[in-house]
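Trainee: Below are the chains, spelled out letter by letter.
There are 2 protein chains.
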Amino acid sequence: MKRSLGPQTLVYPLPVYLVGSYAENDRPNIMTAAWGGICCSEPPCLAVSVRKSRLTYAAVQARKAFTISVPPARLTAEADFAGLASGRDCDKFARLKLTPVRSELVDAPYVGECPLVLELALLHSLDLGSHVQFVGEIKDVKVEENCLDPAGKPDAAALDPLIYDGGGRQYFRYGEIAGKAFSTGKAFLSEQEFTCAHFLRPS
Amino acid sequence: MKRSLGPQTLVYPLPVYLVGSYAENDRPNIMTAAWGGICCSEPPCLAVSVRKSRLTYAAVQARKAFTISVPPARLTAEADFAGLASGRDCDKFARLKLTPVRSELVDAPYVGECPLVLELALLHSLDLGSHVQFVGEIKDVKVEENCLDPAGKPDAAALDPLIYDGGGRQYFRYGEIAGKAFSTGKAFLSEQEFTCAHFLRPS
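Note that the protein sequences, when read in sequence, are chains A and B. Under the numbering used here, read the first sequence as residues 1 to 203, first letter to last. Under the numbering used here, read the second sequence as residues 1 to 203, first letter to last.
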């Protein structure tokens with residue numbers, strides 16, 4: 001039996017993104033955002049939503065660029081702080097002892113201590129109400145060498161990314177593997193379908 | 001030292017959404033999507049991106065509505081299958097022995113077996129290239145009673161939602177709690193700031 005909770009922004013999982021931008025005078029800033037996700041494959045794009053009152057909003061509009069740094073669990077308190085305080089009141093990089101790294105591809109800084117960062121050029125701004133959704137084209141993804149497996153693929157366990165739980169107002173880490181993608185579902189194919197290339201989405 | 005992986009759709013975490021819609025003749029259908037997330041607080045909105053070639057694309061455009069059902073880990077294979085097969089080739093609800101429940105709020109079905117579902121009315125369609133992003137206004141969130149804590153709040157561990165790992169082509173479950181949100185970050189406040197209501201974002 002399901003209970004109706006009314007209209008609200010409740011879904012799982014939610015990300016923990018540190019949105020990097022340059023405020024006035026090239027001052028690097030970050031804010032924590034959970035409203036966002038990948039939104040297109042070609043061109044590769046990510047969307048993140050920001051309130052118009054935020055310092056990050058004006059900065060992204062001015063520079064037409066932002067970064068997404070994905071904090072590991074060891075930076076939980078830092079990520080939480082970056083969502084509590086405004087860059088108008090303090091220099092969050094300095095306060096958190098984090099390193100702003102200037103992107104060579106877009107006009108925005110990323111967090112050196114985060115093992116996964118995306119550099120994005122602003123493509124669209126969509127005013128949705130309380131938030132404006134920034135759609136950015138992903139110009140590059142950079143990953144720490146020690147978070148890549150021997151084949152050069154990113155290792156989620158090593159990246160140790162945070163998950164935001166809005167319902168419980170807390171952060172989670174990743175747990176166990178539940179199954180292989182584009183694989184475990186084949187159990188539901190008939191023998192005939194299994195050998196029919198058409199039936200399966202090209203990987 | 002970071003390694004550049006080039007422009008690609010790599011970020012953590014990614015969701016596993018079952019997007020529910022009615023195809024022609026009120027035929028209920030689902031597809032699995034990982035490109036999406038919350039995009040606005042007021043009105044509460046969620047965005048999900050779909051290729052124009054998908055049956056779901058035409059269905060959502062026709063009915064101006066969709067649902068998001070969040071599958072628990074015990075439905076990993078079902079969720080994977082719904083991303084492998086097309087509703088043009090088979091009745092996914094029947095094949096997976098899942099129950100299509102007609103929403104009373106929007107013109108779309110959700111998955112009865114999923115402990116968390118969202119019902120959405122289409123607000124915007126944004127053509128981004130390979131994908132069209134559907135922005136839906138969340139009309140209601142429904143949660144299974146046994147996934148609510150005594151205070152009536154959703155319990156992430158009980159919901160047991162999946163996380164898609166695009167880099168590793170696998171699904172993860174939630175793990176341990178990393179910290180309290182809007183709380184653990186206060187460690188970086190000075191004593192003066194800690195008592196200054198202005199400094200902290202209203203919760």
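Quick caveat, the hints were computed from the structure, so don't treat them as lab data. Since the structure is predicted, the reported quantities are computational estimates derived from the model, not experimental observations. Honestly, I wouldn't trust all of these hints.
[What the hints assert, rightly or not] Listed below are the simulated SDA-like cross-link pairs for lysine to any residue, each with C-alpha atoms no more than 25 Å apart in a straight line:
hint, chain 1, residue 1, chain 2, residue 2
1, B, K139, A, K97
2, B, K180, A, S41
3, B, K180, A, A157
4, A, K52, B, L122
5, A, K97, A, Y57
Trainee: Would you mind marking each hint as holding or not holding in the structure?
Mentor: Each hint, compared with the structure:
Straight-line distance between C-alpha atoms of K139 (chain B) and K97 (chain A) comes to about 42 Å, which puts the hinted pair past the 25 Å bound. Between K180 (chain B) and S41 (chain A) the CA atoms are separated by roughly 33 Å; this puts the pair beyond 25 Å, and the hint is violated. With a C-alpha separation of about 21 Å, the suggested pairing of K180 (chain B) with A157 (chain A) holds against the 25 Å cut-off. A C-alpha spacing of about 23 Å is found between K52 (chain A) and L122 (chain B), which places the hinted pair at or below 25 Å, so the restraint holds.
For the proposed pair K97 (chain A) and Y57 (chain A), the alpha carbon gap of about 23 Å is at most 25 Å, so the pair holds.
Checked against the numbered hints above, the structure violates hints 1 and 2; every other hint is satisfied.
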